[in-house]
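> Once you've looked at the hints, dock chain B against the given chain P.
Just so you know, the sequences run in chain order P and B. Numbering-wise (my numbering), the first sequence opens with residue 1 and increments by one. Numbering-wise (my numbering), the second sequence opens with residue 1 and increments by one.
To be clear, the hints were calculated from the coordinates, so they are not data collected in a lab. Hints are not guaranteed to be accurate.
As the list claims (entries may be wrong) - Straight-line distance between alpha carbons at most 35 angstroms, and here's what the computed DSBU-like set of lysine-lysine pairs gives:
1. 100/B x 48/B
2. 255/P x 48/B
3. 277/B x 145/P
To be verified - Only part of the chain B face toward chain P is listed, based on derived beta-carbon distances under 7 angstroms:
4. 88
5. 258
6. 262
Stated by the list, open to error - Residues of chain B clear of chain P, computed beta-carbon distances all greater than 10 angstroms:
7. 57
8. 69
9. 76
10. 87
11. 170
12. 219
13. 227
14. 240
15. 247
16. 250
17. 329
18. 344
19. 350
20. 409
21. 426
Ideal placement from N, C-alpha and C gives every residue a C-beta, glycine not left out.
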Amino acid sequence: MKNSRKAGSNHINAVPPYVRGPKPPPCSAAPRAGNCAPCGAGDGGIRLSLAKGVRAIRRFIQPFKNFQIGHVFFGSFAGFIIVVLVIVIGVSYQFSVREMVRSTSYYQQNNLNQLDKQLNIQMTEIENISLAISRNSNLQAYMDKKEADSYTRFKNASRMTFDLSNIAFSMPIIQSIRVYVDDPPGSDVQGPVRFIELGELNREQWHGTVDNSDFSWIGQHVITTNKGDVPVISFARKIYTPGYEYKALVVLDIKASDIIKLIQGEDPHSNRVLLDLGLRAVTYTGDIRSQQYIDTVQDLIDNYQVNMNSKGNIRYHDSLVVWSKLFSSDWILMEVTPWSKITKGSVRTAIVLFSIGLIAVIIALVMTLILAKQFTKPIIILLKSMNNFSLGKKDKPDVNDYQNEFGALFKGYAVLVDRTTELYASLEEQYRKQKEAEIQALQAMINPHFLYNTLDQLNWMAIEAGEEKMSRVLELMGRMFRIGLSNGESMITVEKELTHLECYLQIQQIRWGENLGYAIDVPEPIRAMYIPKLTLQPFVENAIIHGFHGRDTGLIVITAVQSQGDIHFTISDNGVGISGNWQQQKQRNTGGYGIRNVRERMIAYYGPAYDIGISSNPNRGTLVSVRIPEVTEKPALAGGSYVENSHN
Amino acid sequence: MKKLSRSVTLSIAVCMVFVLLAACGSNNETPSSAEKPGEGAGNAESAKLRIVWWGSQARHDATKMVLDLYTKNNPGITFEPDFSGFDSYWDKLATQSAAKNAPDMIQMDAQYFNEYAARNQLADLSSGINVNDLDPNLLSAGKYQDKLFAIPIGSNPFGIVYNKAAIEKMGFGAPGDNWTWDELFQLARDIQPKLEKGKYALRDFTVDGEVYEMFQLSKGKGALSTPDGKLNVDEATWLEWCKVFAELRAEGVVPPAEISVSEKKYDPQLDLLLNGKVLIKQSYASDYPSWESVQPGVFGLAKAPRSTQAGGYIKPAMYWAISANSDHIEQSKKFIDFFINDKEAADILGVTRGVPVSTQILDYLQPKLNDAAKAQLGLINATKADANPFTVGPKGFGIFIVDFNKVGAEVIFDRITPEQAYQDIVKHWEADIK
Numbered sequence: 001m002k003n004s005r006k007a008g009s010n011h012i013n014a015v016p017p018y019v020r021g022p023k024p025p026p027c028s029a030a031p032r033a034g035n036c037a038p039c040g041a042g043d044g045g046i047r048l049s050l051a052k053g054v055r056a057i058r059r060f061i062q063p064f065k066n067f068q069i070g071h072v073f074f075g076s077f078a079g080f081i082i083v084v085l086v087i088v089i090g091v092s093y094q095f096s097v098r099e100m101v102r103s104t105s106y107y108q109q110n111n112l113n114q115l116d117k118q119l120n121i122q123m124t125e126i127e128n129i130s131l132a133i134s135r136n137s138n139l140q141a142y143m144d145k146k147e148a149d150s151y152t153r154f155k156n157a158s159r160m161t162f163d164l165s166n167i168a169f170s171m172p173i174i175q176s177i178r179v180y181v182d183d184p185p186g187s188d189v190q191g192p193v194r195f196i197e198l199g200e201l202n203r204e205q206w207h208g209t210v211d212n213s214d215f216s217w218i219g220q221h222v223i224t225t226n227k228g229d230v231p232v233i234s235f236a237r238k239i240y241t242p243g244y245e246y247k248a249l250v251v252l253d254i255k256a257s258d259i260i261k262l263i264q265g266e267d268p269h270s271n272r273v274l275l276d277l278g279l280r281a282v283t284y285t286g287d288i289r290s291q292q293y294i295d296t297v298q299d300l301i302d303n304y305q306v307n308m309n310s311k312g313n314i315r316y317h318d319s320l321v322v323w324s325k326l327f328s329s330d331w332i333l334m335e336v337t338p339w340s341k342i343t344k345g346s347v348r349t350a351i352v353l354f355s356i357g358l359i360a361v362i363i364a365l366v367m368t369l370i371l372a373k374q375f376t377k378p379i380i381i382l383l384k385s386m387n388n389f390s391l392g393k394k395d396k397p398d399v400n401d402y403q404n405e406f407g408a409l410f411k412g413y414a415v416l417v418d419r420t421t422e423l424y425a426s427l428e429e430q431y432r433k434q435k436e437a438e439i440q441a442l443q444a445m446i447n448p449h450f451l452y453n454t455l456d457q458l459n460w461m462a463i464e465a466g467e468e469k470m471s472r473v474l475e476l477m478g479r480m481f482r483i484g485l486s487n488g489e490s491m492i493t494v495e496k497e498l499t500h501l502e503c504y505l506q507i508q509q510i511r512w513g514e515n516l517g518y519a520i521d522v523p524e525p526i527r528a529m530y531i532p533k534l535t536l537q538p539f540v541e542n543a544i545i546h547g548f549h550g551r552d553t554g555l556i557v558i559t560a561v562q563s564q565g566d567i568h569f570t571i572s573d574n575g576v577g578i579s580g581n582w583q584q585q586k587q588r589n590t591g592g593y594g595i596r597n598v599r600e601r602m603i604a605y606y607g608p609a610y611d612i613g614i615s616s617n618p619n620r621g622t623l624v625s626v627r628i629p630e631v632t633e634k635p636a637l638a639g640g641s642y643v644e645n646s647h648n
Numbered sequence: 001m002k003k004l005s006r007s008v009t010l011s012i013a014v015c016m017v018f019v020l021l022a023a024c025g026s027n028n029e030t031p032s033s034a035e036k037p038g039e040g041a042g043n044a045e046s047a048k049l050r051i052v053w054w055g056s057q058a059r060h061d062a063t064k065m066v067l068d069l070y071t072k073n074n075p076g077i078t079f080e081p082d083f084s085g086f087d088s089y090w091d092k093l094a095t096q097s098a099a100k101n102a103p104d105m106i107q108m109d110a111q112y113f114n115e116y117a118a119r120n121q122l123a124d125l126s127s128g129i130n131v132n133d134l135d136p137n138l139l140s141a142g143k144y145q146d147k148l149f150a151i152p153i154g155s156n157p158f159g160i161v162y163n164k165a166a167i168e169k170m171g172f173g174a175p176g177d178n179w180t181w182d183e184l185f186q187l188a189r190d191i192q193p194k195l196e197k198g199k200y201a202l203r204d205f206t207v208d209g210e211v212y213e214m215f216q217l218s219k220g221k222g223a224l225s226t227p228d229g230k231l232n233v234d235e236a237t238w239l240e241w242c243k244v245f246a247e248l249r250a251e252g253v254v255p256p257a258e259i260s261v262s263e264k265k266y267d268p269q270l271d272l273l274l275n276g277k278v279l280i281k282q283s284y285a286s287d288y289p290s291w292e293s294v295q296p297g298v299f300g301l302a303k304a305p306r307s308t309q310a311g312g313y314i315k316p317a318m319y320w321a322i323s324a325n326s327d328h329i330e331q332s333k334k335f336i337d338f339f340i341n342d343k344e345a346a347d348i349l350g351v352t353r354g355v356p357v358s359t360q361i362l363d364y365l366q367p368k369l370n371d372a373a374k375a376q377l378g379l380i381n382a383t384k385a386d387a388n389p390f391t392v393g394p395k396g397f398g399i400f401i402v403d404f405n406k407v408g409a410e411v412i413f414d415r416i417t418p419e420q421a422y423q424d425i426v427k428h429w430e431a432d433i434k
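Same shape as in the complex, but just chain P:
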């Protein structure tokens, strides 16, 4: 009850929408919702820019609420794809690098193992051949029988040369065989076998290597042959006589190119080094110098706790170092692969992924752009038609091929436009009616002057005729008319309404004499309040005309009390009461018309919540109660504010 009452009072105060002047554009119609909020008051540059910053931040905190949908849709989709792409590329790069290192070191390890095995076989064979040479009887004979005659020495030398030559010829890997011996025989400069004075040994750079051991490998060095300078790897073995005297040294020169080919295996571009057990670089292939290998190995052992006598791999600076030494082998093979070479495949994968991703992103962006356009198109159409909405032209959005949510939106909007248009039409109708009423009231204001003058003349005529009673009636009537017209205003003070009522009752008393009594009990505050005019009079008139019909006496009591912001009027009489079928009768008599008039006006002013209550006891009287809201100010323009039901 309270809510509806409040709503009612609001409606009384509210100004009808069509008289307010030009409206600002509705917030919902603006493209950016944030703009219409009157947050920046516009005073002071600092406050303004601060507010701007805050606004910008707020926009980014909730982009879905602040940016154009198309941009948000496109931006978020593109961002999502790019992030996914970057993650995929990054993860696959990392993963493939790890995998490459693992497989590279695995295969290199296997490869080196194989090569080490082959190498060991090859080297062992060379060592065995040198052993066989040291036991060669012709060599032994030449060494031993120094005192023999020159022919024997010649013969032994020829046989020894023949034997050694055939060994060299039958093993292509042997470049030459050098024999350091006292009193050497002549040797063919173009042949594979050279005999050199044992004393000359000290001139060789590598003589230190063999001084303290019976046999030793000599790292890569260069010897001069008839085919030019040839790099060789040599195996030197001391040869002893049966009396265990060191008499000769045989050196087998192995073509370094053959060993290099061996350690190269299938890959001629690899960086590999062959180390002996003393970690001396015997030979190597690739771009790295032997000293660098030796330094690397030393560093690995000193600082990385690496065991070179097994197999393993380690990342050393920007390269992968893999080495292998078989248990039975006297050789360590080590391979150094630049890190960039290992990651080359991964980088290529990443580049390919990136290129594919880039193209995919471009395609996706184009598709997203198209999608975003398609999705936002109906919204933009709707927005446009909302912006262009005016009462004059009824252009509803001209799309009816949407069957989905957008279709519903368009339909809903069309219905809304229809209803708004209808509402405006009904408002216009009501306005027109009110104007008409005003004009009628103005016309009525002219008539009373004629009535007053006529009544005045009648009064004078009655006085001249000595009809005092008539004069009195006419005077009261004049007062009633004045109040009844009240300059065309529909709301008057309760005071005036009561005065009007008393005039009517006094006129009736002149007719009824002392038999008609009345009492008015209305407190002073209520008298200052406003009431639609002629609200109470029809009930009093009914009481006299119907209630006291056929009676000699009658009493009418009028009271008013304030209660919860309302005023309760009661009009009671002690007449015959109202018969049960008075509702049917009302069409045919004036009383019925009066009540209906009052009721309709009450509803028009205050809404259906305010009504008139009538209760009656046959032959005991009738009690009419009228409830209206307290109105202390005079309404600017009374009447017809309660529009909602007016057109129903």
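Quick look at chain B alone, frame taken from chain P:
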């Protein structure tokens, strides 16, 4: 407007997809199309030919230059040369043939030709090489059972080389074309007193079967083997030969045995002629540039001495043969054709393999010939006049000569008598010639 832009973006997207597909496609295709021509060329043209020869450094250098020239003219053909001195050459070749690993192209010698041809080690060269400008008599030396298995590219007379500078300085004249063995021995005896200790006038030819052959030829006793492959060492002549040198050795005109056997041909330190230990020894014409290149202008060539008749002969030499096991027989034939018929190659080779056999090439080179070449040509012309026919030894003859020389070495070391030596020679013949 809006519809247009959308269709434009769509078409761009479609284009990009096609470009992407095209890029992927072309990536896949490029390598496969690039490989094909390479493979084709590999099958048809490219080959690595192994080639071996013996000789001195001058011959090695010239031959390698010709190989480079051929590679330049024929990209794809490369060579793996191997070269050595004469003695170790045959040992090595024997080892390689036994291992069925003989080189594609082999420099062959008359002494070994029959053996290799008989063992089916050599490819038939009847076609594919232009031999029109070669002397047919010379060419016939490369035939075995009437099939051409080798192309002799040098006519190589055997004669005497002497230290012309030293001998002329001592006041002796150059030997004439008709000098005899006795004149040679007398010259040596005359020179010897003028020599310092440790130097000798003449090499001890007891250990040189080929020189003895010249001696036997000059006595009218024929070569060491008969044309039908029988031993033809005349015992009396052999004993005379040994006796002459035993006397010269005793007189100190030839060096003692240990010096004689220490000789290493062409080695500046160990070659007795080059290190100045002897002044006169035997030489093929084609050897001459090897002496000349070490000490230019010092040496002279003389015709083989005569006795009752001329002792000299012209040996078809420097045969080129192709291994029957070679994978590149056609390419090898092309190279040999180039080697003997190309003028540019001839310019490089000069006379390092003897005077060229192609008349065309010889005419072309004639005006350019240097002293060494002229000396060779002189020996050829001098020998040609009364040359003995050249006898190719039977199969195994090369090994027999090696054994013959070993027997000679035993003789000069006084291990055996010349008579015993004759018996040993007969035994070796029976062992080596099968």
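> Now, for every hint given, state plainly whether the structure supports it.
Do the hints match the structure? See the list:
1. 100/B x 48/B: 17 angstroms, holds
2. 255/P x 48/B: 20 angstroms, holds
3. 277/B x 145/P: 27 angstroms, holds
4. 88: It holds, given that the least Cβ distance between residue 88/B and chain P is near 4 angstroms, below 7 angstroms.
5. 258: With a minimum Cβ separation of about 4 angstroms from chain P (threshold 7 angstroms), the hint on residue 258/B holds.
6. 262: This hint holds: residue 262/B lies near chain P, its Cβ roughly 4 angstroms from the closest one there, short of 7 angstroms.
7. 57: 7 angstroms, violated
8. 69: Holds, since 19 angstroms exceeds 10 angstroms.
9. 76: For residue 76/B, whose nearest Cβ neighbour in chain P is about 20 angstroms away, the distance exceeds 10 angstroms, so it holds.
10. 87: Nearest chain P Cβ is 6 angstroms from residue 87/B, so the label is violated.
11. 170: The claim holds: residue 170/B sits with its nearest Cβ about 28 angstroms from chain P, beyond 10 angstroms.
12. 219: 29 angstroms, holds
13. 227: Consistent with the label, residue 227/B stays out of reach of chain P, its closest Cβ about 32 angstroms off (over 10 angstroms).
14. 240: 23 angstroms, holds
15. 247: 20 angstroms, holds
16. 250: 17 angstroms, holds
17. 329: Non-interface label stands for residue 329/B: nearest chain P Cβ at 22 angstroms, farther than 10 angstroms.
18. 344: Consistent with the label, residue 344/B stays out of reach of chain P, its closest Cβ about 24 angstroms off (over 10 angstroms).
19. 350: 20 angstroms, holds
20. 409: Violated: least Cβ distance 7 angstroms, not greater than 10 angstroms.
21. 426: The claim holds: residue 426/B sits with its nearest Cβ about 21 angstroms from chain P, beyond 10 angstroms.
In this structure, the hints that do not hold are numbers 7, 10 and 20, in rising order.
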